[in-house]
Each structure stands twice: as structure tokens, then as C-alpha cells.
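Assemble chain B onto chain A, guided by the hints.
Protein chains: 2
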Amino acid sequence: MGQLIVQKYGGSSVADPEKIKSVARRVAESAAKGHRMVVVVSAMGKTTDALVALVDAVTPAPDPREVDMVLATGEQVTIGLLAMALQAMGRPACSFTGPQVGMVTDGVHTRARIRHITAERIHAALDAGKIVVVAGFQGMTESGDVTTLGRGGSDLTGVALAAALKADVCEIFTDVDGVYTADPNVVPEARKLARVSYDEMLEMAALGAKVLQARSVEFAKKFAVPVHVRSTFKPDPGTLVTREDHSMEDVVVTGITHDRGQAKLSILRVPDRPGIASLVFGGLAKQNIVVDMIVQNIGRDGSTDISFTLPRGDRQRAETVLAAVAKEIGADGVAADDRIAKVSIVGVGMRSHSGVAARVFSTLSKENINIQMISTSEIAVSCVIEDKYAELAVRALHDAFELGKEPAA
Amino acid sequence: MGQLIVQKYGGSSVADPEKIKSVARRVAESAAKGHRMVVVVSAMGKTTDALVALVDAVTPAPDPREVDMVLATGEQVTIGLLAMALQAMGRPACSFTGPQVGMVTDGVHTRARIRHITAERIHAALDAGKIVVVAGFQGMTESGDVTTLGRGGSDLTGVALAAALKADVCEIFTDVDGVYTADPNVVPEARKLARVSYDEMLEMAALGAKVLQARSVEFAKKFAVPVHVRSTFKPDPGTLVTREDHSMEDVVVTGITHDRGQAKLSILRVPDRPGIASLVFGGLAKQNIVVDMIVQNIGRDGSTDISFTLPRGDRQRAETVLAAVAKEIGADGVAADDRIAKVSIVGVGMRSHSGVAARVFSTLSKENINIQMISTSEIAVSCVIEDKYAELAVRALHDAFELGKEPAA
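So the protein sequences, as listed, match chains A and B.
Numbering-wise, the first sequence is residues 1 to 409 according to this note's numbering.
Numbering-wise, the second sequence is residues 1 to 409 according to this note's numbering.
Any given hint could be a false lead.
The list treats identical chains as interchangeable, and a pair is accepted whether it falls inside one copy or across any two copies.
[As the list claims (entries may be wrong)] With a straight-line Cα cutoff of 25 Å, these simulated SDA-like cross-link-like pairs (lysine to any residue) come out:
| hint | residue 1 | residue 2 |
| --- | --- | --- |
| 1 | K19 | V52 |
| 2 | K19 | A61 |
| 3 | K21 | L51 |
| 4 | K33 | L126 |
| 5 | K19 | D63 |
| 6 | K234 | E189 |
| 7 | K33 | A124 |
| 8 | K19 | L51 |
I should point out that these hints are in silico values taken from the structure, not numbers from a laboratory.
Chain A extracted, bound-state conformation (with noise of 0.2 Å):
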């Protein structure tokens, strides 16, 4: 009787009437398979930037309840279109808003998180026949008020509908055709990776791969959800977001980041005593900036540097804070660099291989590349460099590790 799949398409799939009817065929040919089939779709196009900016011509500071009211309008546009477009391909079809199939959040607006799915109408609408059209990135709180899952949350419902229905695999359907060794804008003869485990993929969605967000790969993880990352526009197959399994750690590396979004920024000669880096990052933490990768190093004469990187876009911010922390703690001052990258390389297999790290040092030194940053997990090492390295990094790298090679099966 076929497999239970969850399909999802972002914006830029349904952007119009047209990409509706052809997400439609797309759809109609996997339920002719003989598969149940729940789809979710984002808002068309640039639909949500453009409810934003009503919002913004009404207030500078509306109430997070009330812009989720609005932007949870986006994607229910799509979910009707999209089931009569199936219907008028003869294919019996139903949408649901994320309220109408339980979709249970928290009540922190616009960036709600599940709590759980009753999906009573799904099952109810699957078993009918039909396929079920469900608006991603909305749900309700306990009393019934709309919410908003935040950046990445079509993805997040497609995971969590799959999880709660027990889908045999969520397809998210985007505008590149999977998961590669490296950017082929970059690099040219970067590989599309038939699999990745679900921690590799964390690593890259953090480390600046924008397939998927990092959320949607912890709650797929977290319910082991098979995530298939394939193109709306090509047949072919993508890459499966799956369990580690024993072949995945004979590779040692399997793919390689860049993330030139960041900022570093570094307090100088800060006295070296207890509490100061409770100080420094808790002063950020209360202004909502997230740091990224930390270094501190004691020097000879008792006082320390500390570095760290963050979102470009936090870096004038993050300054303001850190020139009066700076002052209390008797700093020497702090200074800021936008013009650096981020080069990570992840795989799992680096967990049972050694001498990972001392090659992506040596392959930088050979281009000479200085390292400003190195911070390293237990399937991921990241070097911060200077900006206009990066390209050439990611390329010395792919190829130091030959990942344009197919891994032998």
C-alpha cells in the first residue's frame, strides 16, 4: 500500500499560480505511486517579507502575538491554492491550517516551539483517501492564539508531521538539489553526498550550510525522521539526513563549510581573574547576542586576549556592550574584524581517525594561510582566517582530503 511520505516546498517553489500546478504534478505523480501523501508548504515567494513590512509601516514595536496573527496568513494562501490545484488534477485533496491539526506550541510568539501534534484530522483526511495540504510554519498555543515557529520553521513542521505521523521519510523540496562536500559555486568538482548523518548535518547547518536548518535536523534526529533534501526542480535524488551507520565512519571527512556571515571581535589585555568572561559574555547574553566560537589565552605578564566570533550583523551592537565592560574590568579596549571567514571541515569519521586536525593545519600553512581562531568538536574542526582566504581554503582542503573522489562502497 505504499509508503506514508511527508513532502515539504519553501517559498520560492509555490512563488506563483504556475509553480503551485507544478508542485501539484509533483505531488500527483507520488500519490499515482500509490503513496499517502501530506504536503507543506511555505508562504509564496517573498509573501512574508512583504506582511512584514505592513507591519512595520504600523509600528516599530507590535506585539509578537499579533504579528504571528498576520504572517500565519502567508502560508495559508499557499495550502488552499495548492489542494485545488490537486483537485483539479482529479487528485482528492484537503488543506489544514497548523491550529486545525494541532500543531501545539508554547506561547512565545513568532518563535514558538512545538509541544505536540494531535494530527487527528490528518489521519481522518489520509484515510479518506485524500491528500492532506498542511501551512508550515504556524501552530496554536493551549487556548487557541495562532504562532509562528521562527526562521526555518516550514522545515521544522515538515520534520515534526513526519515524526508524528510516523512517515516513512520527509522530503524537503528546495532550490539546491542536496548536500554537498563543499559549495560547487566554489568549489567545481564538490559531490553531492548520498547520505549524511543527522550530527554531520548539525555541524554544517551550524556551520553555515544553508540546506537545512540546525532545528529542524535536532528534532529529526531526536525522532529519527529519514530527511531527504532534494530539488523541486530536478528528478533526481538528493541526500538522505539519516542514522550514522557503520560504512558512514570509514570516510573520514565528509564535507566542507564556509561561513563569511561573522564577525570576530577581541577584549585586549584583560586582567586574568576569576569572573571576567561571566562578565563579558553575560553582558552580551542579556542583549540577545549569540557568540559563536571562543579563544582565550593566558599571556606571560597575567593579563589574557579574548576573541570571539558572532553574526555580522550583532558586531555594532556587541561593541557598544563589550567598550564599558571593557572600562569596568580595566581592559586595554576591544577591537572588531569583518573581514574574516570561518572554514570548517565535519565528518564522523574523525571520531575513530586521528591526525584530522594537524592536516587541515598543514594545508593551510602550505597556501599560507594564517589561522586567526581553531575551535574543534568531535566530528568538526573550524579555523577562522582571513576573508579573502576563504575560497582558496575550501578548495586546498577539498582536495587535500580528495572528497571529489566517490568514497569506495
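For chain B alone, coordinates are given in the frame of chain A:
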């Protein structure tokens, strides 16, 4: 502790963020007087038309359930924006969709009828000191599907909420500032009426005055909701639509309406035998064509002409139906005339005054205007005349019944 007031603002009153802010100021003024406020709004400007165009671009024969899913988003955008505009003025406010306030309808999508309203969340929000903003035009079925109420649906939402909440008044804000003795564009000396009865308003709505849809007036009459029709853009009081009282009967004629949107069809020389009218109008009803005035005269030769009026947009479909019927019953054929106008005088005082119809006929006769069809009700007399005389007829009647003069108190 002030009154409980329901206000309704139409699409042109909330067409852009600036207009929404000025509606918010208007609402805030009423709240500042100590009134408890429930505000019903339509979709912004031409939003509903744009949504209909999207639907049309997807399929020519959409599922009405999915059409409602799409259309209901228009009002949902407005409520969020208005609620945040009110909050920005320091007024606690909260928005609700039709489903959220328990606006339960039947399942006839795109023209659902209201069954009952729970309004629990409205009471709770009012008790919490909030201005409540509700999406007009929409509701839900018992099983939670989104429905819309059809044309004039937002007025109906306002009136129905006022009835359910036992509000002191339902204020309908619109781009005209009240109900006039005649269209001021036609009769410069037309006078704004301070009060009209539900029945008069019903006749006027049905007869072409576009201020309020007949459906909303019927609902207001049934539940004795006082409806105040007034201008969004001017502070002056408008017209109160209310229960008939004795003073109203002293005025014989309240107003004059005209409708230029109709056409006249005649079936010529119909054999005069039982069942003919049923054949003619049964055929039209099957095509969902609503006819208005019907006139039949038995001629001397045992045959008769049947004439009726209908919305001009339905004329061609009706002609096709009638051509077949005419053949079947042995009539001579069908004649159509688009160049007609219907002019009517309305007033509850007619019930107790004789000679009104006679004065209408003599007034038109003096102007050499030929009357093609006549129909009368308890409180109205309508005449179909050649279209080119429409303005002349309205002015002559307005003058003959001295409607420009303020009635004696």
C-alpha cells in the same frame, strides 16, 4: 461604565497602514469615553479581489472549501495590524479570527449562514479591559473548517456579534455618511435621514441603495440590533436603523431609490393556461437566476405577455433559458431590454396613508415618463421606466413628496 459598542470598518477604511492607524485613533476615541469596544474589520482595500485572482489563476472551478481557506486570510491580516496599531497608542487590544470567537456557520462554503456564536473569548478579553478586534466575513463549521459569509459578510459579522453580545449599538463605518432621502449625486437637495426603520432599510437595500446589504438588515431586525450607519472620514452622526416607532408613520415617504443594474425580459404571447409561469420561472431558478419584479397581463385573445426584471449580468443566460421555454410552450418569442431603470419610493407611513401610488403616477406622467412596470409592497411603490429618465424621475418624486424639507418634530 459606558456602552458596549460594536464598530465595523470596511475595506476602503483599512486600505493601507495609514488608514488602519486612523481607524485605530477613531476606535481609541470611543474607548476613551469609557465604552467597551468590539471592532470588526474587512480585508484591506482590494485584497479579496487579489486573492480571487490567485484562485482563478490556479483553477477555473475551485473547491469552495479551499476558496474560503484562501479568502479568509484577508481579514486576518487586518485584525493583527489594527490590534497592534491600537496597542501602539497605549490601548490594550487583542485580535481574533472568526473561528476563534466561535462564529459557527453551516457548511455552505463561500456563502455560509451563521448558526450561533459562542463569543467566550470576546467576553474574556473585554473583561480584561481589552479592545477586541474580530475578523469579519469569516466563520467555521462545527467540525472546524473555515467558511466565509459571502457578499456583505463583514457587516453581517458586526450585526451578529452585536446581537450575540447584546451590544448597545452596531456602528457600520463606510464611505458614505448615512442613508439619504435619495442619492445625493442625483438629487443635490437630498437630506440625510436621522432614523429609518428596519423595514424601510430592507426595501431600500433591496431596491438599490448600497449602504447596507439586506442580509445584515434582516439579522439586525430579527435581533433588534440598532445599527448606526456613519462615515469613516467624518465625525458627524449618520443614520440610525432601528425599530419602527409612531413618529415614523407621520412621514409618508422616507426615501427614493433607483436601480440601474437591471434588465427587463418579456416572453411574448404566452398561451394563457395553468402551469406556464412555473415552467418559465422554474427554468430560471434551476440556473440560479434570481428575478425581481414580475408582471403578467392577460390579453384579450387568451394569450398574455410575461415580463420580469433581473440583474443585468444574468440577462444573457436568462435569454438562452427562455428561448427554449418559449419554444416549448408555443410563445411568440423573447424580448430583452437593458435600457431600463427601477425607481422606488419607500416609507412605513404608506401603510396608513392612501393615494401615494396615485401621486407617484401623476408625478411621472407630468414629466411625460412612461411607466413600463409597476409593483407595490406594503411600504414601497416601484416603477420600471426607460433608463434615460431615471434622474429626472428621482428628482421629480423627491420634489413632489417634499423630501428635501426637514419633517416637523
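For each hint, the structure was consulted:
Both within a single protomer and between protomers do K19 and V52 lie at most 25 Å apart by alpha-carbon distance, with minima of 23 Å and 17 Å respectively. Taking the shortest Cα distances, K19 and A61 sit within 25 Å of each other only across copies (18 Å), while inside one copy they are farther apart (35 Å). In this homomeric assembly, K21 and L51 come within 25 Å of each other (Cα to Cα) both inside a single copy, at 24 Å, and across copies, at 16 Å. In this homomeric assembly, K33 and L126 come within 25 Å of each other (Cα to Cα) only inside a single copy, at 15 Å, whereas the closest approach across copies is 53 Å.
Within a single copy, K19 and D63 get their C-alpha atoms only as close as 34 Å, which misses the 25 Å cut-off; across copies the closest is 19 Å, which meets it. Within a single copy, K234 and E189 get their C-alpha atoms as close as 20 Å, which meets the 25 Å cut-off; across copies the closest is 69 Å, which misses it. For the homomeric pair K33 and A124, the shortest alpha-carbon distance inside one copy (21 Å) is at most 25 Å, but the shortest distance between copies (50 Å) is not. In this assembly of identical chains, K19 and L51 lie within 25 Å of each other by CA distance both inside one copy and across copies; the values are 21 Å within and 16 Å between.
Hint compliance for this structure: no hint is broken.
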